[in-house]
Amino acid sequence: MKRKFAAIVCAAAVLCGSISGVSAKASEQDAAQKSEVVVTMTAASEPASGFDPAYGWGAGEHVHEPLIQSTLLVTNPDLTIGMDLATEYSVSEDGLTWTVKIRDDVKFTDGEPLTASDVAFTYNNCKENSSVNDFTMLESAEAVDDTTVVFHMTRPFSPWPYTMAITGIVPEHAYDENYGMNPIGSGRYMLAQWDQGQQIILEANPDYYGEEVKMKKVTVLFMDEEASLAAAMSGDADVSYTASTFADMTLEGYSLLVAESVDNRGINLPTIPEEERDGLVIGNDVLSDIAVRRAINIGIDREKMIENVLGGYGTPAYSVCDQMPWYNEASEVSYDPEAAKALLDEAGWKTGDDGIREKDGVRAAFTILYHPSDSVRQALAEDMANQLGQLGIEVTTEAAGWDVAYDKAQSQPLMWGWGAHSPMELYNIYHTAPESDLAEYSPYANETVDQYMDEALSTSDLEQSYELWQKAQFDGETGVTQDGDCSWIWLCNVSHLYFVKDGLQVAEQKIHPHGHGWSIVNNVDQWEWTE
Amino acid sequence: MKQWNRRKATVLILVISILFLVTVAAAGSQCSDAARATDFSRKNLLPCLEYPFGTDWMGRDMFARTLKGLSLSILIGVLAAAISAVIALVLGICAATLGRRADGVITWVIDLIMGIPHMLLLILISVAAGRGLKGVIIGVAFTHWTSLARLIRAEVMQLKESPYVKIAGKLGKGKWYVAYRHILPHLLPQFAVGLVLMFPHAILHEASITFLGFGLTSEQPAIGIILSESMKYLVLGKWWLALFPGLALVVTVIMFYLLGENLRRLIDPNSAHE
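Each protein sequence line maps, in turn, to chains A and B. Each number in my numbering corresponds to the 1-based position in the first sequence with 6 added. Each number in my numbering corresponds to the 1-based position in the second sequence with 744 added.
In case anyone wonders, no lab produced these hints; they're calculated from the structure. Do not rely on the hints blindly, as some may be mistaken.
As the list claims (entries may be wrong) - Chain B regions said to be covered by chain A (calculated; three or more residues, Cβ under 8 Å): (1) 777-787; (2) 928-936; (3) 959-971.
Don't be surprised by glycine CBs; every beta carbon is placed ideally from N, CA and C.
Same shape as in the complex, but just chain B (with noise of 0.2 Å):
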């Protein structure tokens, strides 16, 4: 009966989960202009029923724009953690089944790659590739596929030994066909939840970077932009200006992170049955 109730509460928070992070993209989505349009006979209001996070210096709804941030900041999320985790798929089987020179070379980048601070990395790569939503996303998608292409290798070699893998080999077939059809399908339950785990890191990444200026443009509502905007209005006591965008961030990812830790728990073996 208890086993029944958590696999339930699990596949709730999940739905829950998956419904805040689509109703927020698609609303953002829906009030770009809102989100642009000054008004300076509203600036500076407090939050009130009209503009429930209040109106900024030049009279912009702060609602409308934290909406429309989430929404970016979603985008690019998924975004750049997609091609993020191709990339580690790829460079993960490549590791694990290309032999030992291949290996050798991947680790190394990989290594090398993790060793550079993160923050520098995904400026530097973000500004040369010419900054803005573009920048952006090619930055934070080469930057996040380290430790999950070191997970994808690890269970590749590890599944390289079993079996019925083995006996595959065995049977004759090529080592494409082996790592298409018996070792993928097996990757994918760490896969997917590698993912979606890797959506709150990268919008988080976006944010910070936007923040210190190497990334969207100001002209753009991204949360990044909002909170260092605010910065300057924290000293005259506008409070709402950063505190109601910055809780949105950390509650976006935190429904990123629970669709991820639910989405493990159903599919990963280890728990799916408890």
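Isolated chain A (complex conformation) (with noise of 0.2 Å):
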């Protein structure tokens, strides 16, 4: 059925195409299609609030260019900072004042120009609005003159280069409580149509400041995996995005483009024993024991865990921000079983008769929960069980839903998905949570990590943020790696797979993060048709 629907979804795509071609000659035709592409992307990638900031768009849980607005600031491939709007932009010594300079010959799509005004009301209103996106550092936007607008800060937030990268910037003018559904920026693309549930269709911006946008109408289709397939399959999608279980597939006309991602897969491991708080349990008397999570980083081969659950396609994880400016080597662990089981050896973890180890009447014994509707998440805890099961420690995997699974994990393994393009992800992972003496997510804390990322924060030089950030994974005595805490444990980053018509070719792909949508069109404008 869901087959059917995307197929007429398709042809519809394909029949509007032709009708507004119908009155060109073929030559013409074939021209205006090489400067067309049409993508597929999962269903769940179509902004349900519109294309507005404030309400997640580009600035949502999953991260990436708006195309439709532009943003102060952009990431390069490397994920270093990069000018879009903004010209010159700086941040004073006690970290509270940002000051961005901007360009003054930007217009909106309907003529209006783009003033430093709109910059400050698209902030204040983000951070009055904003559920999706933290802005609570944000204290005000003010335009100063028509060119320069300063954030007052209400502490000091070094990666706040990352958060400009994200936000589109919205026409005061021109913005209303509708403005999720007729978008109007000052970006590459505009929107031309959206059929709820179905497609969006983007045109290019005649205006645009830029660089010329090479591909000037882009559809995508919304879909699941099995109808994305479909699509390339009939020829009717040029990028369709697919999943490591169809990646062996050959389609004719077709090449698969392999995307690398920081879009990780890992579970949490709670560091403290088990206890009970405001009727809840926290912590897990095996895991709290540092032997075991030491044993567990180096007893798991990631690379066959790749070849066996992704088909080959991931890259071994070691962190949450693999690749990233702020990644610190000292995560990277190697495989050794006979290291893993010394160390548990060590710490008194005997043998029993079943095969399972023991230390003063404790079984080494856990659960490790997964998403019951992600096949690989099951595919990863399955594998990770096999293998520690190895080692003498009994796993068993459970399915847990997101409204449960929350709880569940402060106490047992959550089979996790992270990765964006901000090394806030550290910050939320690790550092303790507000009005708590834990991190959110898992029961950990550790001082040191705290302050080096509290440092971090507040350092008004983004490369010595980095730097800090690396600190707070591991400063040479402590943090977050093997050597530290391992309070964490990265498997592997899941390549994002794509099927791509021949003769398309795709620019450069930053890395990927977490969430298999938007990212791809990052850069659509310089995607070209060749012969």
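Using the hints, build the complex out of the two chains.
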């Protein structure tokens, strides 16, 4: 049924395309098609609240470039910071005031110029209304003159440029509650059509101030994995997302694009012994032993896991931020099952009659939770259970929906997916939560780690903050890595896979963040058809 | 001669179906571990001698999974149908014996429940009862009693008018005494057959609610889980993941149906002497 539906959608899309070109001659039609592209995405990628940055467009759970709007800054392919609207930016010594100069030649697509007051309006609006992204560190934004905007912060926040790289600037004069449905921006594309639940059509902004947009029309179709595959099989989609299960199929006229990602999977390990707080069980008697956590970290053969579960389409993960500028290479470990066993032996975990280790009457056993509809996470959990069985640790797997998973993860490992273009993720995972002595998602606390991260936030120099983020991971003595507290174990980065039609040159991809969605079209304007 | 043969055949089918179901239930409960064991070195194998139903994308033995799934289904089906039948019996008798008002209320409830789409009510009750095994059993138990209750009510009303019940009343026996000693024994055949014929319904509904994601959780090898997982792999041509478990479910349901039908033939006065 779904495939049928998708086929109808595709047929409709093709029909629309052909109707618009009916009067044109065949050669012109060809030329027009050479600057058009059809991309499929997961149904969940369709922005539920429209194209409003305040409600998660670009700046949401899964970050990407907003395309329709311009941003002050951008992230470069190596994830350092580059310029878009901004010409220069600086931060005060105390980290509480950011000053950004913007270009004066930018117009919204309705002809009005984009000024600093639009920027200030956007950020103040996000601060007031954004429920998706964190703007609490912003006190207020203020337009000093037409090209200068000043951000007053409530606390120093060095990753602010990464927020500025995903927040699309909206026009103050044309903003109301319906903005998300009829967005006006100054970005590379304009929204031409949106059929909810089916497709979005973007057309190039003819007055775009930056480099010329090569791909004039972008059609995004929303469908599930099977339908996406069908769209590629029938030739209706030019870029069709897929999963490792389907990646081994050969489709005539298509080749597989493997985009590296920091879309990682890993499990949290509660670091405190089991106790009850406010009716909730937190901590785990087995995993609170650091020897067990370290043994797991080196006792997992990540390469084999990727081969087994992802068909080889992934890279081993050693942290939540592999390959990011703030990644500390000390996180990397090598697979060594013998050393893992030795660690367990040394810590007093003796193998019992049934092959499972025990210490003081505690069995080396725990459960790994996973989301029921995610077969990749389930398979990772199962593979991990098999591998840990070899070490004498008994692992069972259990499905848990998001309604209960967060609470259960306080005492049992959960198969998570993370990976964003911002060091704040380290903070969210490892820093103690406000009004608590433990981190939010899994019981863990380390004062030194906290301190480095607090320093990293308050430094005024981005380069220097990278160094502090790295130190938070490991400073030579303590941290969150193998030689530190080893409070999360990262398994793999799941590569994002696409079937790409032959002849389409997809521009170089930034490392994709978590979420198999809009990231692929971050630079769709620079894609090209070649013969 | 012919009649004797027919009776023998009926008994034979009855015994075969009981044997089949007991074997499946017993075998399934023996392979809980095998049904969950994953081995990535043997994933996506076609059916062969070692793995008659093939293996899935995590290298799980589909034969063991199917057996375990069927035994889970049978367990749930028997439990839910038994609860359901007891509800039907109690309410059916109450409706027929406790006077007009009670009858009105109970008939109204029956009509109400029958009026709501079956699947919808099942999902609602199962989710409200906390999903999982418990949710499914409660959900199936509370949705399947209506038609049997109606049947029993009609039967009891008929029995109430029969001479021997009237005489018992005239002799001064209490209502409960009459219900227990005279009406209930007469009801048992219908009740037993109704109960057995409820199994296939219960099993199919368990499988469908789990298939839709409102029933058992995905680490349990229920038939509904197996079938919904296999959906994704059908596109890839992995037909064995859905075909054999699906067939096995159908066979199990048919066996229960045969069991019920033949049981009816043996104990229903209308056909018992054929």
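Hint check against the structure, violated hint numbers in rising order: 2
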